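*Asks:* Chain residues, written in single-letter form:
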Amino acid sequence: MKYAYYPGCSLHATGIEYNLSARAVAKHLGIELWEIPEWNCCGASAAHNTNHLLALALPARNLAIAEKEGLDVVVPCAACFSRLKATAKAVRESAATRQTIENIIEMNYSASNQVKALLDVIVTDVGLDSVKEKVKRPLTNLKVAAYYGCLLVRPPQLTEFDDPENPTTMDKLMEALGGTAVDWPYKTECCGAAHSTTKPEIGLKMINDILYHAQLAGAECIVTACPLCLLNLDMRQKEVEQRYGIKYNLPIFYFTELVGLAMGYAPKELGIERHFVDAKTLINEKDLLRHPTTRREEA
Amino acid sequence: MEKLQLNETLKNGNSFREYIQKHSNVDPSSCYQCGKCTAGCPVSFAMDYTPRQVMRMIQLGMEQEALSSHTIWLCACCETCSVRCPKNIDLAKVMETLRIEAKRRGMVAERNIDLFADLFLNSVEKYGRVHEMGLILQYNLKTGQFFKDANLAPTLFKNSKIHLQADKIQDGGAVKRIFQRVKTQGGEG
Ligand code: SF4
Ligand code: SF4
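Protein sequence lines, in the order shown, are assigned to chains A and B.
Numbering follows numbering that gives the first Met the number 0, with no gaps: position 113 of the first sequence is 112.
Numbering follows numbering that gives the first Met the number 0, with no gaps: position 103 of the second sequence is 102.
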């Protein structure tokens, strides 16, 4: 299984753990990742909000390089995934758009290759059975709130996997790893994206709502598939705790980190030590680093 | 909202309605004002007009009000409204269309949000990728909040999450040319 890999800007900076853990897990599951050489930023919501054509052209350059190589593209970041997927769709649906885009990027691009979210590739293409077979240290007793946010599953005619109101892909993956996915109502509620930077009073409330409901549902940690969601929930958690006078102390994971952990990788290899909210304490409390046969039996 | 002379407004509102329809591919008149968009919107608590009210403004041709609203900038593009609308109205796309038009006319109600997007794109144009560190520094400088989030910086550095050097690509100017061409073509794709 070989894919073109589009990490996106965050995975080279604030989302470095996502890159580390995604690469480790992909290799372990037999997914070969060919990083698109000289990939450029997809423009994120900034391009999308400024200029329709720019928002299509920036992702198209990356997709065209992958197409030349004859590869489908796998994207870990939910926001990049949405932008790349929107471009592929626009080019596929309109010959005129395709022509315009090809002129702008100076390359041929017919959108013959697919764009997939890394989560979808692991759950659907690799399959939960193969994932299960490779679990060495199940996430026994770990209660996880699977947090999808906005763009991973919305709008469904674009993302083409899972249910936009009650997605379950990540929940099922957590169960396959031996963990427990809690039932909670804020799975797809927006974290406010860049509002935590530009309008903190708005952004922090949105983050608080998510943390609050995860905790209320009994979750001991939150798992995400988006670097911006992780940054908001992890880096801003102290600020939120101060503002709202609630102690959460909820570790936030990339789903790839938990997959990696269950496959036997060390937290350090996966970048787990780089989080703002300490995750090691929870990992130790749950005895997740010990092989099950040497694990103390729970009564 | 001020009191409106409905007949006059409806007559004069056609061109604005048509503009929105053309650029967002949404027929504003199909909105039957049920309010489901507002009910699900995670930012409606902070908006000056709810998403449903914005749709009503478009129906009535209240272009000044719609374009100068804070709502269109506070919209987080989360697509909840678009997914839930019983009339299949892509309201997120309408919000985006209004933002682009408001910016074109110099009517930006939320300067900082707009500035952040501009600085983001400058970075992409210059380096081909976003330099997160440079983006935050410039944003803080331009908004006069010199120490905003400064307490987060040491941990970010320690964990190699931000870098002084920008992550540049050697693409022979391909990304710069994309920006140039889009500019000369006007950009309404
Ligand atoms: S949900 Fe749709 S039909 Fe209902 S008010 Fe909103 S835009 Fe109009
Ligand atoms: S896309 Fe904007 S208006 Fe629609 S629900 Fe999300 S934040 Fe609200």
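Read the hints as simulated data drawn from the structure, not as lab findings.
Please read these numbers as outputs of a predicted model, since none were measured by experiment.
One thing to keep in mind: the hints can contain errors.
[As the list claims (entries may be wrong)] For lysine to aspartate or glutamate, the following DMTMM-like pairs were computed, each having C-alpha atoms within a straight-line distance of at most 20 Å:
| # | chain 1 | residue 1 | chain 2 | residue 2 |
| --- | --- | --- | --- | --- |
| 1 | B | Lys35 | B | Asp113 |
| 2 | B | Lys167 | A | Glu37 |
| 3 | B | Lys35 | A | Glu188 |
| 4 | B | Lys92 | A | Glu101 |
| 5 | B | Lys147 | B | Asp170 |
| 6 | B | Lys35 | A | Glu164 |
| 7 | B | Lys182 | A | Glu240 |
| 8 | A | Lys279 | A | Glu200 |
| 9 | B | Lys125 | A | Asp162 |
| 10 | B | Lys175 | A | Glu188 |
| 11 | B | Lys147 | A | Glu284 |
| 12 | B | Lys92 | A | Glu105 |
| 13 | A | Lys204 | B | Asp89 |
| 14 | B | Lys125 | B | Glu109 |
| 15 | B | Lys147 | A | Glu105 |
| 16 | A | Lys246 | A | Glu284 |
| 17 | B | Lys92 | A | Glu92 |
| 18 | A | Lys135 | A | Glu284 |
| 19 | B | Lys167 | A | Glu34 |
| 20 | A | Lys67 | B | Asp170 |
| 21 | B | Lys175 | A | Glu240 |
| 22 | B | Lys157 | A | Asp162 |
| 23 | B | Lys175 | A | Asp128 |
| 24 | B | Lys157 | A | Glu34 |
| 25 | B | Lys147 | A | Glu238 |
| 26 | A | Lys204 | B | Glu100 |
| 27 | A | Lys88 | B | Glu100 |
| 28 | A | Lys237 | A | Asp277 |
| 29 | B | Lys21 | A | Glu92 |
| 30 | B | Lys157 | A | Glu268 |
| 31 | B | Lys125 | A | Glu37 |
| 32 | B | Lys21 | B | Asp89 |
| 33 | B | Lys182 | A | Glu101 |
| 34 | B | Lys92 | B | Glu124 |
| 35 | A | Lys204 | B | Asp170 |
| 36 | B | Lys21 | B | Glu100 |
| 37 | A | Lys237 | B | Asp148 |
| 38 | B | Lys35 | A | Glu37 |
| 39 | B | Lys86 | A | Glu164 |
*Asks:* Which earlier hints can't be squared with this structure?
*Replies:* 1, 4, 5, 7, 8, 9, 10, 11, 12, 13, 14, 15, 21, 22, 23, 24, 26, 27, 34, 35, 38
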